[in-house]
Amino acid sequence: MTSPTPGTARPSSGSPPSGQGRGRKPFVRTVSKTGWWLKHPRYMRYMSREVTCIFIGAFALLMLCAVERLSKGQAAYESFMATLQQPLGVVGLLLVLAFALHNATSWFNVTPKALPVQIGEAFLAGKYIVGAHYAVWIVATLVVVFFAGVL
Amino acid sequence: MSQLKRRMVQLEVLRYDPEKDSEPHFQKYEVECNEEWVVLDALNAVKESMDPTLAYRWSCHMAVCGSCGMMVNGEPKLSCHAFLRDYVGMVIRVEPLANFPIERDLVTVADDFIDKLKRVKPYLIPKDKKTIAEGEYKQTPAQLMKYRQFSMCINCMLCYAACPEYALQPQFLGPAAITLAHRYNQDSRDGGRDERQEVIATNEGVWECSFVGACSEVCPKAVDPAGALQQVKVASTLDWFKEHLLPGGTP
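Residue numbers (the working numbering), protein chains in the order written: chain A, 1 to 151; chain B, 1 to 251.
What the hints contain is simulated information worked out from the structure, not anything from laboratory work.
Where hints are given, some of them may not hold.
Stated by the list, open to error - Derived DEER-like restraints, expressed as beta-carbon distance ranges:
no.: 1; chain 1: B; residue 1: L4; chain 2: A; residue 2: A122; range: 39 to 45 Å
no.: 2; chain 1: B; residue 1: L238; chain 2: A; residue 2: V150; range: 33 to 39 Å
no.: 3; chain 1: A; residue 1: T105; chain 2: B; residue 2: Q10; range: 37 to 43 Å
no.: 4; chain 1: A; residue 1: G35; chain 2: B; residue 2: E204; range: 37 to 43 Å
no.: 5; chain 1: A; residue 1: R45; chain 2: B; residue 2: Q171; range: 22 to 28 Å
no.: 6; chain 1: B; residue 1: K118; chain 2: A; residue 2: L70; range: 54 to 60 Å
no.: 7; chain 1: A; residue 1: R45; chain 2: B; residue 2: K138; range: 39 to 45 Å
no.: 8; chain 1: B; residue 1: M145; chain 2: A; residue 2: H40; range: 29 to 35 Å
no.: 9; chain 1: A; residue 1: G57; chain 2: B; residue 2: S151; range: 37 to 43 Å
no.: 10; chain 1: B; residue 1: P170; chain 2: A; residue 2: C65; range: 40 to 46 Å
no.: 11; chain 1: A; residue 1: A76; chain 2: B; residue 2: P170; range: 49 to 55 Å
Said to hold, decoys possible - Computed list of chain B residues with no C-beta within reach of chain A, every gap over 10 Å:
no.: 12; residue: A55
no.: 13; residue: H81
no.: 14; residue: Y137
no.: 15; residue: Q230
no.: 16; residue: K233
Positions of the beta carbon are idealized from the N, C-alpha and C atoms, including for glycine.
Assemble the whole structure, with the sequences as input and the hints as a guide.
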């Protein structure tokens, strides 16, 4: 079995860096600029987190549209909201919600790496740092829901 | 002494002879191994009894020296720490560490990493220089714990082989070099942070990292380079705010 590894062998010339001295011919393997993330589940997990920004960005634009409609008066705004409440609109919003939840949870779960809390010689267990983020999230959600008049 | 269990292990090893080959190719070996062996032992058995031309690096055989890093079934591993019992029923495919040029067979060119390591000054730059007569630089256990985890790096380069940012942007300083800079920046005895920040708080430094986290997943010493890099980002951002927003800063 001989599946060739794509790349290039670089014949030595002069004394360039990275191992290209006399008689050396290092072989440089190429990396696919578009397909690299399909090579390992951990890269796919990473891309699943990164792709959420597209949906969150789209939702932010939708909110801007809502504000623009609101500026045009009550009828324009209610018509916009009615469109969003169509089955396609609801499916789209549920999709955005799913990606937003994935975005929030995937970032919350790695916060202990960025924000370690040292107490004396020990470090606070990551679950407390993650838990604090979830707690703030729940409180913030309740506040928003309260001001939205749902509670 | 009880009889050690032996079995035949199939290896596919990437071979590359710069004097003969235009590109690497896989070569198959079937070698009798002890069940307790690691991939490095299997390679040693190949070299000793089947093919003395096989080239690879190794030294300590105990996950300390960091020289036997290879791709084992697509995963960056220390070959002295990749147990054959974890690959039962599989063909074990061994390749040189990803993202580094291949010098010969499983030997890679590590010059790029060594150059980057030098650039971050991974050594103590004392805050206050003392003479020997003035005594040692003292440190409390809590001050030690602040950086101890990051001092466990053995420069094995597995994190570079796992890092897609380094694969796509070779100018990226990379996980281990930045982690070692952070290790010294966190040391209470050190005064070299400003010098290192010039190198690591840059686009080619920590801001090239998009927090894939693969470096920490493959690290054989649980150093958590991804954590170190995020902490450098937080500290560098605070530096920027102090410099630009607080009175007395120098924008």
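* Hints not upheld, ascending by number -> When the structure is compared with the hints, numbers 4, 15 and 16 turn out to be violated.
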